[in-house]
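Given only the sequences and the hints, what does the whole structure look like? Please build it.
Each chain, written out:
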Amino acid sequence: MDIATILGILSGVGFIGWTILNGNDPQAYWDIPSLAVTMGGGIASVLISYRMNEIINVLKVTAQAFIGKKTSNEDIIRLLVRLSQKARREGLLALESEQEEIDDPFIKQSLQLIVDGVEPEMIRDCMGLELSTLQSRHETGQGIFKTAAALFPAWGMIGTLMGLINLLKGLTDAANIGPAMALALVTTFYGAILAYFICQPIANKLKVKSQEEILQKEMIIEGILSIQAGENPRLMEYKLKTFLSPKQKEHYDTQSSPGSAEAGRGEATGEPITE
Amino acid sequence: MDIATILGILSGVGFIGWTILNGNDPQAYWDIPSLAVTMGGGIASVLISYRMNEIINVLKVTAQAFIGKKTSNEDIIRLLVRLSQKARREGLLALESEQEEIDDPFIKQSLQLIVDGVEPEMIRDCMGLELSTLQSRHETGQGIFKTAAALFPAWGMIGTLMGLINLLKGLTDAANIGPAMALALVTTFYGAILAYFICQPIANKLKVKSQEEILQKEMIIEGILSIQAGENPRLMEYKLKTFLSPKQKEHYDTQSSPGSAEAGRGEATGEPITE
Amino acid sequence: MDIATILGILSGVGFIGWTILNGNDPQAYWDIPSLAVTMGGGIASVLISYRMNEIINVLKVTAQAFIGKKTSNEDIIRLLVRLSQKARREGLLALESEQEEIDDPFIKQSLQLIVDGVEPEMIRDCMGLELSTLQSRHETGQGIFKTAAALFPAWGMIGTLMGLINLLKGLTDAANIGPAMALALVTTFYGAILAYFICQPIANKLKVKSQEEILQKEMIIEGILSIQAGENPRLMEYKLKTFLSPKQKEHYDTQSSPGSAEAGRGEATGEPITE
Amino acid sequence: MDIATILGILSGVGFIGWTILNGNDPQAYWDIPSLAVTMGGGIASVLISYRMNEIINVLKVTAQAFIGKKTSNEDIIRLLVRLSQKARREGLLALESEQEEIDDPFIKQSLQLIVDGVEPEMIRDCMGLELSTLQSRHETGQGIFKTAAALFPAWGMIGTLMGLINLLKGLTDAANIGPAMALALVTTFYGAILAYFICQPIANKLKVKSQEEILQKEMIIEGILSIQAGENPRLMEYKLKTFLSPKQKEHYDTQSSPGSAEAGRGEATGEPITE
Amino acid sequence: MDIATILGILSGVGFIGWTILNGNDPQAYWDIPSLAVTMGGGIASVLISYRMNEIINVLKVTAQAFIGKKTSNEDIIRLLVRLSQKARREGLLALESEQEEIDDPFIKQSLQLIVDGVEPEMIRDCMGLELSTLQSRHETGQGIFKTAAALFPAWGMIGTLMGLINLLKGLTDAANIGPAMALALVTTFYGAILAYFICQPIANKLKVKSQEEILQKEMIIEGILSIQAGENPRLMEYKLKTFLSPKQKEHYDTQSSPGSAEAGRGEATGEPITE
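Residue numbers (the numbering used here), protein chains in the order written: chain A, 126 to 400; chain B, 126 to 400; chain C, 126 to 400; chain D, 126 to 400; chain E, 126 to 400.
Treat the hints as calculated values from the structure; they're not laboratory data. Among the hints, erroneous ones may be present.
In silico DSSO-like links for lysine-lysine, alpha-carbon gap of 30 Å or less [claimed, not checked]:
| id | chain 1 | residue 1 | chain 2 | residue 2 |
| --- | --- | --- | --- | --- |
| 1 | C | 271 | D | 372 |
| 2 | C | 185 | D | 195 |
| 3 | E | 211 | E | 185 |
| 4 | A | 271 | A | 374 |
Okay, structure coming up:
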């Protein structure tokens, strides 16, 4: 899990807990029926909005997005450069033997298409379609949390309205108006916490992760098509490096020079990129 | 009806009902004139916003969207693969005899165009136009519920304002300010329930259903054009499978292997996709 | 005028009127100075936002949009099919004699371009430009009502703020705080009615009408270019029918079969579309 | 200055002034420190948001947009038609002598490019770039006023919060709570007036003016390229007229018939547009 | 640092400070626990929304954006014109010696590609990719501050809700309700200041800076491709000048005439742009 996520959760829970404990009566913030109507109502609206299997799927994917680890862009560039060099030396069919050592299913699948001799236009189409299906699945995931982030405060307000109606209807003794109003406000408090501390940040993080994954897949598509077209590996490496941030680029160059001498040599000695 | 929808409706109604019954006076939440002005006003604004036949049409389509069942993407891919194989063996005209067994009017209609020998460009144009007309009809449907979701809280607020004006104007006895204010707030409560429990979730669900249907139709267009172009059925199958989610893809592969041996054979034995 | 619009206006006015009459004092909702500052202020902001001639023009067009009647898409398809058949039999110049019987200026004008022998590319450009000018005029119209719908509640709030400041500044007797507050809230009430019952629904209806008109004009452009290209009238009919909703399509087919036997014959007898 | 702007400013000031004077104490609405924190804070946030020279530039351009006058689209069409006729009779180089009599720098500059024999593709590129730079400058201008319209109410709220905190902290005598609260609300009032009466309408007007100017420039580009291509002046006139509204078109035709007989003749006598 | 930024910060702090000091009790606005829950909660939500390295990176870039200085567009045009003239006189390889004197890494890198003889299409692709990676990095930066600007008021509201619940729950003595409420409102005040005085303006400024940088890079791409294509330097200068505002253009022409006589000569003497 990302260090920022852990820090965020701990510090958020800490600040809320500390404020609650500093109050006159910590129990004032805890009311099961209020929590039930806010969470229950919000989840009910989300259930009507989406399909069951989508919701279950998104919960799984979200857990994975927060915990899972992915291959770095730099490693993928190195892999693609190596494949490109091999393909130029030994032909496209030589890539078949490489497939088994590759973990990423997206690269594996595309290599199979190259080896099978499918036309570049068709490969670009298939990979593009796969990318846009992936993107729309990601958007559904973000959409579920964004919808929840919009509905929880609404249900918090519904809960508070119900509390106020109850309170005002039975208003006989001015003395207990305070605690009753406090109780009515608790649902708004729950709605705000659920939306602004949980759902909205998760939707944001899912978007960030999705953008990263799609960028990586776009980079892979560029690389695969370049390999198939038999482009110069050094030129391909240069092109793929434009997908890196300046810091990653620097890091990549430092790592590549000693490590993969073959790929980095031309650059180090100032040789021209073209042959 | 989707299990999530049923669960959502039941749990939402349950949580609201439970909160009402737990209150001092369940009747405090029930006021016919308040309901009339909130719902009536909101519906009046929706009526001015749209045309009568659109509104009636949307209500029908919505009912269908919640209840109706549609053919799965996997079955459609299997059907298209079978048609493609037949067309390659026996020629495009052989598809005419297949038409009668196909339920989906969109596929049926496109097959007729192929059999009639209409040019691919024209078929793509016609099917694309049909898709965009469908999409704009769907958007009108979502728009009606989104408009309603925005107008109900506004009319809830109008009702509360009218209640407050009435209450404040006749303010002589401080004792009955409570119940009168409770009554004024009831319209805001109705507006919130109508918007966040009914209209907004319906608009969301219609959007999800529309995206699914349009994706399916795009898949059909790809398939039909591939059949007409005489592309390799296995390659077409590969391309259409990019429209499936990873889970559906896995499920499709499992089902296809024993079931439709012909389509799955090449894959199972690791034969190349191209001929 | 559309039946939904009439129903909407009547029911909206009815619900508001009924709520007012049910109150303690119907006169509480009526205050000329409050109406003046809400409407006057909102209109003043709209006047600064747009040009005088645009505002006047939009008011005219809006009246027309609510009252005026337009040719149905089905009639236009029939007309275009008839023109297409004539052009194929007697040549493009024969269309000149038809022009006088056509009401729609957009079709008339385009036919003149065909008769004059202007190139297809130029006709598409001119008609496309005309369409986009129309669209931007429509958007200005919707924009004026949307702006008003956003500004009226703001001025309602300004009115209420002024009422509250006045009330609080002169607060000496707690007894008359109620009626004064009621008066202050009346401007918010006016702002909400003007926005959510009048301006927002009008802006929505203008958008719906604009989409319909633009779809119709796009259909005409497709038809005109098809006539000029000398395409098969039956194929053109098939293409134009994709602009219809399923219900209109069905209705069109029922009407066409007995009425315009020539156009419908091929379809009825199952003849192929191509020659 | 546009008549609508003057009317808007006068009526807006009038309605506010009248409401203030009708109140118990006109001085209740006037508080220098409140104005200072609302305006000062809003302007401070705008200053951090943009660059100094942009802000100064926008203020200048805004003044010009409200006061300045521009050439009508109809006059520009007449000018372009005249230039087109001259170019066809005497060649493109003959346009050099016309340049001096043209005020519009955009037309002047483009004519120079034609006379210099620059290629059409290059002219379209340069004029397109100029247009998009203009558009992004306009958007910055609108953006500054939109930002201000969003920040002034926020600072009005900050002022009111500060007033309330001050008031509640020192709450000892319930008697002076009214006037103190009135004072606290004054900043919200200022923020609303600054946003909804001044900044938002100016941003709207700038957008309207910008759209007009860009449409005019697009029309000029079409005309200039048509002149360079040596297209028929009557056809060009027809094409450029699609940029006019129906009313302007009618007005143009009425004016052109007697005035510029040469350009209008063909149309009046029903001659075909093509030669 | 931009003069407007300094002015904005000073005046904003000044107006807030002055209002606080003018109040009854300046200490009313200062409460460490309130600041902790508002800032801490907002930052916690931002931490969950983004990755740690992105957040750290954005803080660095932001500091640089406010302090750093960049080369003016005019200087870059002059540089590109000089390079273009050299390339036409001495060939593309002569650009290699120029590289060392160029500071801008984007120009340097592109020149290397030209010298290496990479194809124009490939150069355009690489530079375009680099630009879009840069743009998405900039958008992440703006996104972090926009997210913070949306979350701080939400956490201010959460803080106020907690304060109100605490206050109402323990409501026994009506005398101390005032100060307790003041304290509850302080978190809303902090949230508003953090959002509308700090985060929103920074997000705006980052957007303005990003647009400037991207425009400059687009101008460089146009110039580099023009140099490679061997276009006339004067025509290239004319094209690049369309990226300048009218004021910059005027300034550029004034500076260029005496300074770089060679580049300005043709223009001054009215020579045609083409050779």
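Evaluated hints:
no.	hint	in the structure
1	C/271 / D/372	24 Å, holds
2	C/185 / D/195	26 Å, holds
3	E/211 / E/185	38 Å, violated
4	A/271 / A/374	34 Å, violated
When each numbered hint is compared with the structure, violations occur for hints 3 and 4.
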